[in-house]
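Sequences listed follow chains G and Z, in order. So the first sequence is numbered by the numbering used here: it starts at 37 and just counts up by one. So the second sequence is numbered by the numbering used here: it starts at 12 and just counts up by one.
Mixed in with the good hints there might be a few duds.
[What the hints assert, rightly or not] Derived list of chain G stretches under chain Z, where covered just means 3 residues or more per stretch with a C-beta under 8 Å from a C-beta of chain Z:
hint, segment
1, 40-51
2, 65-79
3, 205-218
4, 235-241
5, 325-334
Calculated directly from the structure, the hints in this document are not laboratory data. Where is the CB? At the ideal position from N, CA and C, for every residue including glycine.
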Amino acid sequence: MIPTTVVVLLALLALSVPVAVAVGALGLVLDQLYSPLPLSRALGEVTWSASTDFLLVAIPLFILLGEILLRSGIAERMYAAMVQWLSWLPGGLMHSNIAASALFSSISGSSVATAATIGTVAVGEIDKRGYNERFFLGTLAAGGTLGILIPPSINMIVYGVLTQTSIPQLYLAGIVPGVVLAALFMLTVLIGCLIRPRWGGRRVQTTWSSRIAALPDLIPPLLIFVVVIGSIYAGLATATESAALGVLAALAVAGARRRLTWPVLREIVEGTMKTTGMIMAILVGAYFLNFVMISIGLARTVSDTITHLGWSPAQTLVAVIAFYVVLGMFMETLSMMVATIPIVTPIMVGMGYDPVWFGVLIILLIETALITPPVGLNLYVVQGVRPRGPIADVIIGATPFVVTLFAMIALLSVFPALALWIPRSAMR
Amino acid sequence: MTRSDRDPLLRVARAVSHAGVWLSGALLVGAAGLVGVDVVLRRFFDMSVGGADEISGYVLAIGSAWAFGYCLLDRGHIRIDSIYVRLPARARSVLDVTAVFVFTAFMAFVTWHAWGVLDQSWSVGARSISPLATPLVIPQAVWLVGLLSVLFAGVALLARAVPALARGRDAEVGRLVGYRTLSEELETELEREQRLRGEPRR
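Take these sequences, add in the hints, and give me the full structure.
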């Protein structure tokens, strides 16, 4: 059963069949082969109940929120403010790249959107100030990955929905690791520039008055962060409700700046719906596949097989991390999540790991996947926003940050409290 | 303008899809407003709009259905291209057409079973288990129309892509149903940005 499943899935994906259909069709194949009752009759019912799930409403809402911020110029001003405040450090703008990414991550749920937004704004500075191009591009690709770790996070919603884990708790659990990881990224820049001072580029001249003057540009993102995460932390809102509040806040900010013209609204709606269609199609396929896998006992077969290996929880954890690092090099991340998480998570939870902590670990592994070649979406996004040069520059520049991510994964494995401290204190 | 922009069949498919996506987008913004207001009223004034969660669920189902077709016409559905990009144009065209065919066939299957869901709700007069007691046939019928629009989009694309494939016009197949490579994607994105920047800023 297991080899058949893996072979069919890989064959469909290799033929570049859309992932949504590959996953759904795998469900139909497994149903034909292994189910005594025709499960495909439930396809309509499963699709309806999946696509009316209130939890999933959070996904288009967070996409909408990101689109509004992207198209209303909030990100650009935020970056400029970060430049004022952080460019004195050795490594200059590279710190601003990471801090601006972290801040943008706290209002956007997507790593690709974060890398594309900050990348577009920042990439012109490389030549202007004589930075080491590779290292600079690496900070953009790596900083972008924070998008899914620092709440809100679309990938955390996907994890929460697939594993029935509380999304508010996942969000709260992402905050400390997100901040620590951003700090580690900046430390990586610092170390790089202390070893090779020439990588650091020329200093941006600023004055205290221009720093103070830039502060108001940080208010909109902070306001939205407080609305979205504050309402969750205070227990006022669920993930979907906080997303709705965030959308209203973002509309208010963009409206106050008179950026909500009809052409902008059109771009916002079209961008939102396109991404929603892409993600929801995959999720609907994944729901059906999960339904089939559970009905035919595949999930249990896999977990029995793993249990029979007789590995300790720690050995299993190392194996799971290695599995995701390798798979992440070759697979697109959303597809990887829907294909593996429903099977892997129950095994890990069965061994005593906390599902919220494991969710954060998975997000870190997904971030690693985003910047490891040959298939690393953020590498391509950053490559896409620069005017010229080979992709190898971005890949090489991101490598130090892959090492940083490994360090963070190790840190989180040794100190689970990094993730669990805030959700536990909010529960009390 | 490329040839596919002038094609009447594809223009109709795109226009239908745009209209649906626009309406869904408006509904989504409306749902955000409803849910947001509901939270505030519930937490601070102990009142409730009632049924905000249920209605936004229907909006998601309807919007997703329309978005599937929009995404298909825009060549936006995720495909794994590790092998794809290493193949010659001819083989890629075959995979492109296959991908749309399989997608449309699967959606036809989903639509068929969605019809079953609607039929069932109709025959038993099913209502949602909630204070709204919505007759489920209403949202389900709109949902079904959305799914039918996906089939329309798929069939329209196939009607143009299959002949192009048969005549060996790989470039045309690529424009119609080829996988959007990321660089192409970013180009459109940057164009959009520039178009917006062209707008008078205030």
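Here is what the structure says about each hint:
With 3 residues having a beta carbon nearer than 8 Å to a beta carbon of chain Z, the segment 40-51 of chain G meets the requirement of three or more and the stated coverage holds. With 4 residues having a Cβ less than 8 Å from any Cβ of chain Z, the segment 65-79 of chain G passes the three-residue criterion, so the hint holds. For the segment 205-218 of chain G, the proposed coverage by chain Z is not satisfied: 0 residues have a C-beta within less than 8 Å of a C-beta in that chain, short of the threshold of three. Residues of the segment 235-241 of chain G with a Cβ under 8 Å from some Cβ of chain Z number 0, which does not satisfy the need for three, so the listed coverage is violated.
Counting residues of the segment 325-334 of chain G whose beta carbon lies closer than 8 Å to any beta carbon of chain Z gives 0, which falls short of the minimum of three for the stated coverage.
Checked against the numbered hints listed earlier, the structure breaks hints 3, 4, 5; every other hint is satisfied.
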